Amino acid sequence: MVGTGEQKCLKEEIHKNVVLTGEYEISEAIGTTASVHVTDTRSHTLYKRENFAETRGKFAFTADEYDIFEICISMHAPQGHQKINREVALTLKHGVEAKNYEDLAKAEKLKPLEVELRRLEDLSDSIVQDFAYMRQREEEMRNTNESTNNRVLYLSIFSMLCLLALAIWQVLYLRRYFKAKKLID
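Counting in this note's numbering, the sequence shown runs from 1 upward without gaps.
FYI, nobody ran anything at the bench for these hints, they're computed from the structure. These numbers were taken from a predicted model, which means no experiment stands behind them. Take the hints with a grain of salt, since some may be wrong.
Label-pair ranges, simulated between beta-carbon atoms [as the list claims (entries may be wrong)]:
#1 Ala53 - Leu117: 37 to 47 Å
#2 Gln136 - Thr91: 50 to 60 Å
#3 Gln129 - Ala165: 52 to 62 Å
#4 Leu117 - Gln7: 35 to 45 Å
#5 Leu110 - Gln82: 49 to 59 Å
#6 Lys93 - Asn149: 39 to 49 Å
#7 Glu138 - Lys48: 32 to 42 Å
#8 Gln136 - Ile168: 44 to 54 Å
#9 Asn149 - Val18: 30 to 40 Å
Every residue, glycine too, gets a C-beta built ideally from N, C-alpha and C.
Make a model of the complete structure from these sequences and hints.
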């Protein structure tokens, strides 16, 4: 539910070269309009539709790089109108889900079994890409962990050397002090 004068947003994480499609359906309310904005983390607008009265719409785009995309829906009403809540249904599909295999079957004159094989092939390619991405992230995280581990080791050694130097200085200082006060020989 989104009330007039309100804005509700949600974020979706999309990998590089992945298609994202969205369909929205907004309940009818007389005298109100809606706006839909899709932006990335650098505030680039990918889809923008403002002050429309229609109850349905679609958008689609391909991610140029891995990013988090924000989809915002807001409701508007003229001054003096009471606040009206409108129900919003948003359906997002990305990757293999977003591909329209019916159109592909018609364009390439494929049989249903061939279409299903194509869909399964695309799904397996998507899984392989996900695993490759996870492997890359795991390698980056391992390198970060090893680097942090080395830094902690060097910092610990440095701290111990500083404490040892301070302890030696303290012993020498106190020995001179007590000799000066003639408390020890």
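Here's how the hints hold up against the structure:
Look at Ala53 against Leu117: about 43 Å separates their beta carbons, and that is inside 37 to 47 Å. At about 30 Å, the beta-carbon gap between Gln136 and Thr91 misses the expected band of 50 to 60 Å. The given range of 52 to 62 Å is respected by Gln129 and Ala165, whose C-beta atoms sit roughly 54 Å from each other. One distance hint, 35 to 45 Å for the beta-carbon pair Leu117 and Gln7, holds here, with the actual separation near 44 Å.
Separated by about 53 Å at the C-beta atoms, Leu110 and Gln82 satisfy the suggested range of 49 to 59 Å. Against the hinted window of 39 to 49 Å, the Cβ-Cβ separation of Lys93 and Asn149 comes to about 41 Å, which satisfies the hint. In this structure the hint that Glu138 and Lys48 lie 32 to 42 Å apart at CB holds, the actual value being about 37 Å. Checked against the hint of 44 to 54 Å, the pair Gln136 and Ile168 passes, with Cβ atoms roughly 49 Å apart.
A hinted range of 30 to 40 Å for the beta carbons of Asn149 and Val18 is consistent with their spacing of about 34 Å.
Of the numbered hints stated above, the single one contradicted by the structure is hint 2.
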